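J.: Sequence:
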Amino acid sequence: MIVKGKNILVLGLGITGVSTVKALDKLGANIVVSDSKREEELSDFIEKLKGIEIKYVLGTNDVNLKNIDLIIKSPGIPLNIPVIKKAKQMGIEVITDIELAYRISSNPFVAITGTNGKTTTTTLIGEILKNSGKTCHVTGNVGIGILGELINSSKDDIFVIEASSFQLESTKYFKPKVSVIINITPDHLKWHKSFENYVSAKKKIIVNQDKEDYAVLNYDDPLLRNLKDETNSNIMFFSQKSELTKGVYLKGDYIVLNDGSKVIKIMPYKEVKIPGKHNLENAMASICASWIMGVKLDDIRRTLREFEGVEHRIEFVKTLSGINFYNDSKATNPDAAVKAVEAINKPIILIAGGLDKGNQFDDFIKSFNNKVKSLILLGETALKIKETAINLGFNNIYIVNSMKEAVNKAYDLSEKGDNVLLSPACASWDMYKSFEERGKDFKKAVYNLRRISNGEEKGQ
Numbered sequence: 001m002i003v004k005g006k007n008i009l010v011l012g013l014g015i016t017g018v019s020t021v022k023a024l025d026k027l028g029a030n031i032v033v034s035d036s037k038r039e040e041e042l043s044d045f046i047e048k049l050k051g052i053e054i055k056y057v058l059g060t061n062d063v064n065l066k067n068i069d070l071i072i073k074s075p076g077i078p079l080n081i082p083v084i085k086k087a088k089q090m091g092i093e094v095i096t097d098i099e100l101a102y103r104i105s106s107n108p109f110v111a112i113t114g115t116n117g118k119t120t121t122t123t124l125i126g127e128i129l130k131n132s133g134k135t136c137h138v139t140g141n142v143g144i145g146i147l148g149e150l151i152n153s154s155k156d157d158i159f160v161i162e163a164s165s166f167q168l169e170s171t172k173y174f175k176p177k178v179s180v181i182i183n184i185t186p187d188h189l190k191w192h193k194s195f196e197n198y199v200s201a202k203k204k205i206i207v208n209q210d211k212e213d214y215a216v217l218n219y220d221d222p223l224l225r226n227l228k229d230e231t232n233s234n235i236m237f238f239s240q241k242s243e244l245t246k247g248v249y250l251k252g253d254y255i256v257l258n259d260g261s262k263v264i265k266i267m268p269y270k271e272v273k274i275p276g277k278h279n280l281e282n283a284m285a286s287i288c289a290s291w292i293m294g295v296k297l298d299d300i301r302r303t304l305r306e307f308e309g310v311e312h313r314i315e316f317v318k319t320l321s322g323i324n325f326y327n328d329s330k331a332t333n334p335d336a337a338v339k340a341v342e343a344i345n346k347p348i349i350l351i352a353g354g355l356d357k358g359n360q361f362d363d364f365i366k367s368f369n370n371k372v373k374s375l376i377l378l379g380e381t382a383l384k385i386k387e388t389a390i391n392l393g394f395n396n397i398y399i400v401n402s403m404k405e406a407v408n409k410a411y412d413l414s415e416k417g418d419n420v421l422l423s424p425a426c427a428s429w430d431m432y433k434s435f436e437e438r439g440k441d442f443k444k445a446v447y448n449l450r451r452i453s454n455g456e457e458k459g460q
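Taking full-length UniProt numbering, the leading residue of the sequence shown gets 1, the next gets one more, and so forth.
Bear in mind the hints are in silico, worked out from the structure with no lab data behind them. Everything numeric in this text was worked out from a predicted model, so none of it was measured. The C-beta atom is built at its ideal place from N, Cα and C for all residues, glycine as well. Any given hint could turn out to be false.
Stated by the list, open to error - In the BS3-like style, the derived pairs of lysine-lysine whose C-alpha atoms are separated by at most 27 Å in a straight line are:
| id | residue 1 | residue 2 |
| --- | --- | --- |
| 1 | Lys-204 | Lys-190 |
| 2 | Lys-88 | Lys-270 |
| 3 | Lys-55 | Lys-86 |
| 4 | Lys-366 | Lys-384 |
| 5 | Lys-177 | Lys-190 |
| 6 | Lys-318 | Lys-357 |
| 7 | Lys-85 | Lys-4 |
| 8 | Lys-273 | Lys-296 |
| 9 | Lys-4 | Lys-22 |
| 10 | Lys-22 | Lys-190 |
Stated by the list, open to error - Simulated restraints on C-beta separations:
| id | residue 1 | residue 2 | range |
| --- | --- | --- | --- |
| 11 | Ile-144 | Lys-366 | 29 to 39 Å |
| 12 | Glu-271 | Glu-342 | 42 to 52 Å |
| 13 | Pro-347 | Lys-172 | 32 to 42 Å |
| 14 | Glu-387 | Pro-82 | 44 to 54 Å |
| 15 | Leu-413 | Lys-444 | 12 to 22 Å |
| 16 | Lys-444 | Ile-81 | 50 to 60 Å |
Whenever a hint applies, use it, and build me the whole structure from the sequences.
T.: Spelled out as structure tokens, the structure:
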């Protein structure tokens, strides 16, 4: 795709927008940037683009689309806003950054999606590739814009891309060499309007693949198992429950790889450093993708034994007076929170709640299974979760107004040997800009806890 001389509108000036503008400038495009926020709210981002010729339309998305050739929108901007509706009526294409990256690049892409585990799997694949001596860039929904990395890369560099449903729904030709779908459960239903639409967005990661490409799919998810009939790519499954004729699965105490002709022991599954059954899923998906990309098994083993996980995903914060604190702020839906509850030993004092994305919380409450002894709720969904919990027979519930209050309450309720877990089961946008900000606020509150309670260490 030729970008030079084209008039391109960048909608949204965040991390993705800055990365996109820098790339477009280097590629010789004429750039218009629009954001509904005012200039003073965007000053940090504008400063990063100093020296680039840009026409800014700020404080509104009411942009004159005459002569605009292409729109690149930030993933968090919905497709139903007036400027995008108008653009489509005028025949102006609207895409996201990963679509443009594919069109202007011949680099190999490894793209990862799924409801949960995307960031861990993306980061882990990146670490495995780097440890094998390959040059790779971990980008996408992990907070690093792909286009800014792409324009400063070599043609053989590998791009490992975390691809959200928000990014994928506005792709057309995007075709990774390796696609990975870890799992699909209901999420972002208010955005996508239905589970079917959400699944359709996720499936766009495989629809353009051909016989030269590979799709790594979770065999234990019936929906994903049946996707083998919806792509022309080579399929490689992973499974925690079934032996596979080709793929990665559990056999006894070992993770094994069946390459189609022989079964190879990778390593005992207990040697995978990141905790939890869900992380075995992430590890097996990462083994598949890395093996397809030609990584030696010794490099895969070494990385799996050393990789400690990502910030805000069942992240150990500290032990205070015999009480362990874990930050799982990245659990932005009930299914992710269920996996955290399963991964942490009992007894648990659980902090949850946040923005209502239209999810139901029955399975979340049922997962407590006598492991959770107290539930502390905050945010928009507090009453909704409380009602669900009471209906299912769980009554030890406290509602608070801030993260500091939640952490203090958890500390007051806990005793030596307990685990305090922040796993919200909800998005953060009712109280925070991001799950990262929420997680950092939790950690700050933990570090600020008084070490002495009633003149004595807790649990003494």
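J.: Hint by hint, note whether the structure agrees.
T.: Right, here's what the structure says about each hint:
1. Lys-204 / Lys-190: Since the Cα atoms of Lys-204 and Lys-190 sit roughly 20 Å apart, the hinted pair holds (cutoff 27 Å).
2. Lys-88 / Lys-270: Violated - the C-alpha atoms of Lys-270 and Lys-88 are around 52 Å apart, more than 27 Å.
3. Lys-55 / Lys-86: holds, 20 Å
4. Lys-366 / Lys-384: With a Cα-Cα distance of about 15 Å, the restraint between Lys-366 and Lys-384 holds, given a limit of 27 Å.
5. Lys-177 / Lys-190: Outside the cut-off at roughly 31 Å; violated.
6. Lys-318 / Lys-357: violated, 31 Å
7. Lys-85 / Lys-4: holds, 26 Å
8. Lys-273 / Lys-296: With Cα atoms ~19 Å apart, Lys-273 and Lys-296 stay inside 27 Å; holds.
9. Lys-4 / Lys-22: holds, 13 Å
10. Lys-22 / Lys-190: violated, 32 Å
11. Ile-144 / Lys-366: 29 to 39 Å: Once the Cβ atoms are compared, 37 Å apart, the range 29 to 39 Å for Lys-366 and Ile-144 holds.
12. Glu-271 / Glu-342: 42 to 52 Å: violated, 20 Å
13. Pro-347 / Lys-172: 32 to 42 Å: Since the Cβ atoms of Pro-347 and Lys-172 sit about 50 Å apart, the hinted range of 32 to 42 Å is violated.
14. Glu-387 / Pro-82: 44 to 54 Å: violated, 37 Å
15. Leu-413 / Lys-444: 12 to 22 Å: Holds - the Cβ-Cβ distance for Leu-413 and Lys-444, about 20 Å, lies within 12 to 22 Å.
16. Lys-444 / Ile-81: 50 to 60 Å: Between Lys-444 and Ile-81, where Cβ atoms are some 35 Å apart, the hint is violated.
Figure legend: structure checked against the earlier numbered hints; hints not met, in rising order: 2, 5, 6, 10, 12, 13, 14, 16.
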